[in-house]
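**Q** These are the residues of each chain, in order.
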Amino acid sequence: MASILVFGETDDAGLTAPTLEMLGAAARLSSDLGGGVALALIGSNIADAASAAGPAGADTVYTADSDSLASYQTDSYLPVAQGIVEQDSPSVVLLSQSSMGRDLAPRLATRLGTAAIMDSLGLEVDGDRVKATRSCYGGNARQVVTVQTDPQVITVRPKSQDPLEADDSRSAEGISVDVAEPTLRARTTGKEQAEAEGIRLEDAEIVVSGGRGLGGPEAFADLESLAGVLTAAVGSSRAACDLGWYPPSQQVGLTGTVVSPTLYVAIAISGASQHMAGCGGSKNIVAINKDPDAPIFSFSRFGIVDDYKKVLPALEAAFAEALD
Amino acid sequence: MDVIVCVKQIPDPETPAAAFKVDEAAMQVLPAQGISPVISPFDAQAVEAALRIKDASGDGTVNIISLGPDSARDAIKHSLAMGADEGYHLKDDAFDGGDAWTIALALSKAIQHLGVPDVLIFGRQAADWDQGTVGSIVAELLDLPSATVLRAVELSGDSITVSRVVADGFENIELPTPCVLTISNEFGDPRYPQLRQIMQAARKQVTELTAADLGLEASEVGAAGARIQMHALFQPTSDVEVEIIEGDSPEEKAAGLVNALREAKIL
Chain A
-8 MASILVFGET
2 DDAGLTAPTL
12 EMLGAAARLS
22 SDLGGGVALA
32 LIGSNIADAA
42 SAAGPAGADT
52 VYTADSDSLA
62 SYQTDSYLPV
72 AQGIVEQDSP
82 SVVLLSQSSM
92 GRDLAPRLAT
102 RLGTAAIMDS
112 LGLEVDGDRV
122 KATRSCYGGN
132 ARQVVTVQTD
142 PQVITVRPKS
152 QDPLEADDSR
162 SAEGISVDVA
172 EPTLRARTTG
182 KEQAEAEGIR
192 LEDAEIVVSG
202 GRGLGGPEAF
212 ADLESLAGVL
222 TAAVGSSRAA
232 CDLGWYPPSQ
242 QVGLTGTVVS
252 PTLYVAIAIS
262 GASQHMAGCG
272 GSKNIVAINK
282 DPDAPIFSFS
292 RFGIVDDYKK
302 VLPALEAAFA
312 EALD
Chain B
274 MDVIVCVKQI
284 PDPETPAAAF
294 KVDEAAMQVL
304 PAQGISPVIS
314 PFDAQAVEAA
324 LRIKDASGDG
334 TVNIISLGPD
344 SARDAIKHSL
354 AMGADEGYHL
364 KDDAFDGGDA
374 WTIALALSKA
384 IQHLGVPDVL
394 IFGRQAADWD
404 QGTVGSIVAE
414 LLDLPSATVL
424 RAVELSGDSI
434 TVSRVVADGF
444 ENIELPTPCV
454 LTISNEFGDP
464 RYPQLRQIMQ
474 AARKQVTELT
484 AADLGLEASE
494 VGAAGARIQM
504 HALFQPTSDV
514 EVEIIEGDSP
524 EEKAAGLVNA
534 LREAKIL
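From first to last, the protein sequence lines stand for chains A and B.
Just so it is clear: in the first sequence, position 75 is 66 by our numbering, and no numbers are missing.
Just so it is clear: in the second sequence, position 146 is 419 by our numbering, and no numbers are missing.
Extracted from the complex, chain B is given alone in its bound form (with noise of 0.2 Å):
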């Protein structure tokens, strides 16, 4: 089985509320001090499904490609660490200021152009904008049955089967090959590259594409062609002060909450 995962690099999502920051005339996440960005979570599961299907497989490859500006490189280089063979990163100016469609569609040609895989797997979203949406647009514009937010993946034969997290449970689904996937945190940790694996993979090319790479204009991709657009970035503020309820022993600060819920009517 031949996989292809799309990764993205982020400002580490376990930044302390206190480090982050926005620069809000900019519209833009400040980058915190001393630390460093990592591969969006649920993309590194994303790498995790791909390797065990390939695993499960017993042959094929395992090919990450991801859109952004230098950083993005780490979020390959880390991907290739895990396990996987070959990495693209789509890099150009013109993609600068895009939205998730530019982005998917960007994404889609990189994927024809390589040549579409038996399994495509996306993580459910990137942990910074949180839109998760690039998947089933790239699903949509190459045509691909998908399934979204999952827990768990498995070869079975020459189809694939999914458990998809829902409000009330699990769905079990069944795909075609070829497909598009979107992995949950349910999913289960994802392997953590040792030091030799992270040494091979500092050494592994990684392919570098343009838009006139991929048959794309200028116009199509980035700010010129995004459908979204943000007029606004901040932080959102607490307006709520504390009241810590204080007491010699564990009897007393629960009996002082009752108390406290009570004069507040909240009982």
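So that you can see chain A by itself, here it is in the shape it has in the complex (with noise of 0.2 Å):
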């Protein structure tokens, strides 16, 4: 019996990188709640992602490997994640705040009789409860909470805990699960990728982001072209997103990706709550906006009071000159 499961998640270059955080989040808690830790990974051609798992902090991995389960579908991924709970049958379930885990997460904890707690930020121990800080009202409040039930579901917001340095000389024990036929009400018929120009903005050393005080889509243009002296990506607040002036995809927030860069240069963003809950993490912010009462002021470095139109131009030429 392990303490803790993992659903971790895999993309080309092997486990995520909020797989590897989850796993780390798992060794440093199990050490407290006595028991091992467990990975779980369901998919389609995992067995290379499955190897790095005993390096990464797992004594075990299941592995519910199927051409059906290539992509993320509510009706497949549930009876197969629900199996595996019950046959690890952990104390603690931790999944990612990913599109998998916010739709996951609730669900399968429903269906083991338990309950969620989403989008945690700090992962406490304390008796054979794990206390979770959670951010609620936009990010306005945090909450502490424990999930009285058994298994405790938790979902962990991706960079809020470190990875384990990798230790080749660790080895996972692998468990094959049988995968049935899955039943599929809800189907997934297509998948429109979001134009993956430049940099991820979840990868980036640096993001560039424009809120609802750019006045209009036209200046994500100038936007984009500071980001490419930077090598940065570009983000966008979610008023600017609703307002269509930038893609979803590029939305910095509570909503939308959480970003934790070296540089997170916000501009025109007023530091709305649920904005800074998805940059807040960043190292250092840089606001320009031409309200000073503006909240990002107050979680900056460093500030420009000015009208971002002037400031811009001048801005990308001095970087430029200074990268040069």
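Honestly, the hints are just simulated from the structure, not real lab data.
Incorrect hints may appear among the rest.
Far from chain A by the CB rule (all over 10 Å, computed), these chain B residues [as the list claims (entries may be wrong)]:
#, residue
1, 299
2, 325
3, 343
4, 347
5, 366
6, 390
7, 427
8, 473
9, 474
10, 479
11, 480
12, 492
Straight-line Cα separation of at most 35 Å, DSBU-like style, residue types lysine-lysine; simulated pairs [claimed, not checked]:
#, chain 1, residue 1, chain 2, residue 2
13, A, 301, B, 538
14, B, 477, A, 150
15, A, 281, A, 150
16, A, 274, B, 294
17, A, 281, B, 294
18, A, 274, B, 538
19, B, 364, A, 150
20, A, 300, B, 538
The structure presented is a predicted model; accordingly, all values stated were derived computationally and were not measured.
By construction, the Cβ of each residue, glycine as well, lies at the ideal position given by its N, Cα and C atoms.
These two chains come separately, so use the hints to put the complex back together.
**A** Encoded structure:
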């Protein structure tokens, strides 16, 4: 019996960064809770990713490998996930606060007769419970909560936990899970890939983001130009995405992507709590806003109070010269 | 097509951060002076999605359920003013102190009480606790297919096609009815009720239902039935001190910022 079961995710490069982070968290929690750490991978052609489970901190790795599981669908993943939890009988189940975790965790928890805490930022053992700190009220407040029923299902915000140093001398015991042909009620019929131009938001060391204060979609071309100079990714506030100025895939915030770059340049962004929930983990925030009272300045290391239209060309030139 | 939308009245999420206050001892958010509670914005978008399904299908009803104290009635009235048909208010002291599980349990009983419709719609999350689980729990309790975090919903014959927002784009999903959907902010603006509709909605009866009406024991709902326990509620603090880069021209400010970033070894 493992004490903590992590539902991991894979991409072309193997285990995703949030998966490695959850395994790191699980290793730390299990040293207090007792028991081991198991990783569950559901997907197709995941053997290579599974081989990284041991070095990343798992004692056991469950693989449910089937063509029918190539991409996440509620109806195909839910019974498989339920089967793995019942086989492993963990006291804690961790999932990422990802597109999959958001959808799977509450249904899985309900099916198991328990409940899910969503989007935890911090995890700490208290007796046989895991106390989770999470953001609420659009980032204006934090709450500390526990699941009183078992297993304790918790989703983990990407970048909120540290992975372990990979240790290639470790290996995990592999357990292959039988997969029955799924009965699909809701059926994924297609996918529209967001235009993957440039650097992925969550991987970028520098993010340049724009908000409603830009005044229109045209300004994002100027942000992209600045981002080109800085080798940065371009993000957007929810307000700007909702206005259709920039694709939802680039939204930084509570309902979008969480980023924690070395440098986050917030241009014409007021700094609403729900936006800060997505970029508050940045190591340095720089704000450019004509309103000296904009909340963004209270989260920023450096600020320029001015009209972004005047500052941006000068800033791009200054960065280009400095980085030349 | 018959649709039920579950909505929640919450403190206005646009409340300026400076006016947002928490009573840490009571683990409650204090009402902000002069700022009225509102229907959770994602829920208003859920009502909009329901009204569009009804319009596209040419017949059917859009009914509203809300669980909460007296103020929940305002979220129902807002939905009625948008064009919904009937409102049901799950109101009982026994519901106090509940969590997503007990709320979803009561909602699922109310939905069965009214008859499971073709489509059940929720906001992707209530903009107060931001958990985003009630819609999925109801789907599980009623054994219905679900699709969450949607930016578009369309009726195609007897089935529903939706566009789900995922990290790297959108997924198109087809669901049979009955099904459960949760709506995300990318859906677009909900219609805003006109004065005449607000007046009409004000006169409409809202049916109140208690735990007993739904066949629920007091021990199953509210604090007694909750599976998640809160231990603390507080406001995060920022310990960053901003340095405003001054200058007589945009060029000076830009150069000053680049220098400051270099000196701090950020660049």
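**Q** Please go over all the hints and tell whether each is borne out by the structure.
**A** Structure-based check of all given hints:
1. 299: holds (13 Å)
2. 325: For residue 325 (chain B), whose nearest Cβ neighbour in chain A is about 17 Å away, the distance exceeds 10 Å, so it holds.
3. 343: The claim holds: residue 343 (chain B) sits with its nearest Cβ about 21 Å from chain A, beyond 10 Å.
4. 347: Residue 347 (chain B) is indeed farther than 10 Å from all Cβ atoms of chain A, at 19 Å.
5. 366: It holds; residue 366 (chain B) is separated from chain A by about 22 Å at its closest Cβ, greater than 10 Å.
6. 390: holds (17 Å)
7. 427: holds (12 Å)
8. 473: Check passes; 29 Å lies beyond 10 Å.
9. 474: Given that every Cβ of chain A is farther than 10 Å from that of residue 474 (chain B), nearest at about 26 Å, it holds.
10. 479: Since the minimum Cβ distance to chain A is about 27 Å, residue 479 (chain B) lies beyond 10 Å and the statement holds.
11. 480: holds (27 Å)
12. 492: holds (14 Å)
13. A:301 x B:538: Holds. Residue 301 (chain A) to residue 538 (chain B) sits at ~26 Å (cutoff 35 Å).
14. B:477 x A:150: violated (49 Å)
15. A:281 x A:150: holds (31 Å)
16. A:274 x B:294: With a Cα-Cα distance of about 27 Å, the restraint between residue 274 (chain A) and residue 294 (chain B) holds, given a limit of 35 Å.
17. A:281 x B:294: The given pair, whose Cα atoms are some 27 Å apart, holds under the 35 Å limit.
18. A:274 x B:538: At roughly 12 Å apart (the allowed maximum being 35 Å), residue 538 (chain B) and residue 274 (chain A) satisfy the hint.
19. B:364 x A:150: Status violated; Cα separation ~40 Å.
20. A:300 x B:538: holds (27 Å)
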